[in-house]
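Enquirer: Chain residues, written in single-letter form:
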Amino acid sequence: MKANNPLIVVRDLSIAFAGAKAVDGLSFTVAAGEVTALVGESGSGKTVSGLSIAGLAPPEARITGRVTLAGADILGRTPRERRLAGHPAVSMVFQDPQAALNPVLTIGEQIVEAVRADGRTGARAAAARALELLDLVRIPEPGRRFSEYPHRLSGGMRQRVVIALALAASPVALVADEPTTALDVTIQAQILQLLIRLKDELGMALLLITHDLGVVAEAADRVLLMRDGRLLEDRGVRDFFDGPRHPYGRALLAARPGRRTRRGPRPRLADTSAPCLIGGEGSGAC
Amino acid sequence: MTLFAFMLRRTLAAAPMVVLMIVVNFLLLKAVPGDLVDVMAGESGIATVEQMADLRARFGLDRSALDQFQAYLSQLLRFDLGFSFRYSRPIADLVLERLPATALLVTVAVLAAVAVGVAAGVLAGRRPGGRFDRTVSVLSSLIFAMPSFWIGLVGIVLFAVHLRWLPIGGYATVGAPGAGWPHAVDVAAHLVLPAATLGLGYAALYARVTRAAVIETSRLDFVRTARAKGISETRVTLRHILRNALLPVVTLSGLKLGSMLGGAVVVETVFSWPGLGRLAFEAVADRDVNLLLSLFLCNSLLVIVMGILVDVSYAALDLRIEVTS
Amino acid sequence: MSARFSFSTPSTLRLGVLCVALLALLAAAAGLLRPGDPMAMVGPRGLWPLTDGAFPLGTDQLGRDVAAQLLFGARVSLAVGVGAAAVATLIGVGLGAVAGYFGGVADHLLSRLCDYVQTLPSFLLSMVLVAVLAPSIGSVMLAIGLTSWPEIARLTRAEVLRIRNADWVLAARTMGLGHGHILLNHVLPNGIAPVVAMIAAVVAHAVLVEAALAFLGLGDPNLVSWGAMIGNARPLLRTLWYLMALPGLAIFATVMAFTLLGNGLSERLDPRGAAR
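Residue numbers (the numbering used here), protein chains in the order written: chain A, 51 to 336; chain B, 721 to 1045; chain C, 8 to 283.
Hints are computed from structural coordinates only; laboratory data are not their basis. Note that this is a predicted model, so its numbers are computed, not measured. Backbone N, C-alpha and C fix where the C-beta goes; we use that ideal spot for every residue, glycine too. Take every hint as true, because none was put in to throw you off.
Calculated from the model, a selection of chain A residues having no Cβ within reach of chain B, i.e. all distances over 10 Å:
id, residue
1, G136
2, R170
3, G172
4, E283
Computed list of chain A residues with no C-beta within reach of chain B, every gap over 10 Å:
id, residue
5, G69
6, F78
7, F196
8, R285
Partial pick of chain A residues on the chain B-facing surface, computed with a CB cut under 7 Å:
id, residue
9, M142
10, A149
11, L151
Work out the full structure, taking the sequences as your base and the hints as a guide.
Expert: Following this line, the structure appears as structure tokens:
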């Protein structure tokens, strides 16, 4: 782990909607080449934190604090403003790939548009780059998929397209907001592995927003635990699963399905990875 | 299902509607006090009872209602709309003669209304509650509350009588060249006020529909995806929001196109525009109910045809993109 | 609830009620304010408004009092507006309630009938009906009412459908009350509120259609009507344009009043849905 090399530094981030605080004094760092998991229940403020780091917080959000990317202040700037200011990109992978893609534009049109957003790439070069990106996210027959509409693709394929869109800006960091939640259980692991592989190949930082401790166990290097807009824990993943210090973290681990009781919600990825953790193995190996 | 199959099914589904329309038209025709022969007798002055009975037999008016309906149907199937004794001409000829002027007027009015309405709706929907949005909302309320013929007359007083920018009415200047560029410019000048009058209410309607669709679409996730690409807001609006928001507007304008003749009656009357609407007014003024009913039937059928076309084009779009929402 | 009504009534509703009341008052007092026959030639010809105290709104090309014509015209506009809305309400609420309450074939038939009537070009149909029945205030009411009921029917049906399985309706049914009784006393009173808001909008629409019909010469020939006034003023646009402008403003004000009333009612009934 290379936690000593922070790429994104978040200091005292607070976000409020119409007076109600969604995020309250959040501070953490994200290192290049590392998977940082931002964990919490829905309503904990994790998604809006990720959106504001990516520059996509809704306009009515009141944001204070400081977020720097490689030393440059990026908070409150839209992706376009960041690009025009010459900052490297922080891209976003969205939860629901069905909703995240425009239904009336082809896959190719949407990726080409993202590539050409830099204002320098020609149409032909952009098309070539789009095919390259489709290949990079392991979409079979990229030439055929290029001219198809999103509805023709399966959920997993659509999420790969969303990832390709995110990669178009050559980002130094990806914010992935519940990237596997909307997908079939069988596809979830594939997409997670793809994200980890891309992070390694492209040397990006990956901020993984999730409520699924199974995903955390499988992918994360570090865990940030959030509740009610505050950061409760910031620890290495093994440390976290071995014994969270905060009572909420302990309660969360205890409530994981399949740990102590057979009642409770449907078993998830957490079940398959739990034995590994107890055995003290590395996180991504299972 | 192929597009052709869909088209066939949709047309078949409309068939009972068409039959019902023809029946209602026939019943209305029969409800008119006095029949064709009475009208003819009135036109030609005096006729004896024997002559009238003879004429009734010749037109089949003495036969049973069912027989008459059969005759009416077979007449319609031959695209024969009957005969106007006021004009001494077949009604179908009259309709065909007046059709181009109305088609021109309605097409220009719809296109202008869509352009203005969609632009206003997009700008209003981008910032709901903003100054522009409130202005559009107030303006459209005002327009909805004004009779269109009154708007047209105010336009005449303002732009034709006082400012003298535009002609007061008619299709073209009498005595001016009937062809070439000067003619086209002349007709265009005559078209401005009627098209604006007819289009204004529709523009207000499209503005409201577009505004609502833009606000709705702006909330969808793929708009955020587009914004994440770092493209300009203008591009996000035009390429991502508007393109998806346009579907309901297109549907609405297709359906409204079919029923625009109602509005055209009033507007064509105000501006002496020689189209089908003016023909309907003349039919009313001359108490030629047969002619009026034929126009009503033609318009009813047009609405059905437009409905089918809208559905089919929607299906064609859907086969391509299958918008699931 | 009644205490809240007087203090926190939305301003749109208050304004609408005020305007409609004022219009009704003016129409009712027409004979007092301007006694005599509004069609009588009583003054100099073509007198402009605000030039003579005896004729505050001027006279027309035949020397008839414009103010008197406007006041008596309000009677026709309001009568046709309310009458047409009454026809539409009778048909719409009746059919909608039956379709929603009984469902099944009745419901299916109604929705097909609504589809059919809404497909017809409504203004042309009104023209045809008035022409066939011969122009009179009654035929105009009927012609407009017969073309504008489907919206009311659809809304009533939806409301009745929502309410027909409510506990108090089921309770009434277990008491062995008849369908007609249940529909009139237990279902309709609870679902009629949104329909009332729509009826105000139908009145506004009817006033506009009446004006257009009268403008085309399809009004009652024996009564003063704003639309007919505008029609008669058409040849005089170059000189006496106020004869066209004033009745137009009267139509506008009347339509606006009923629109405000309708919007105010629906705002009050559903504060969230009113933003549409």
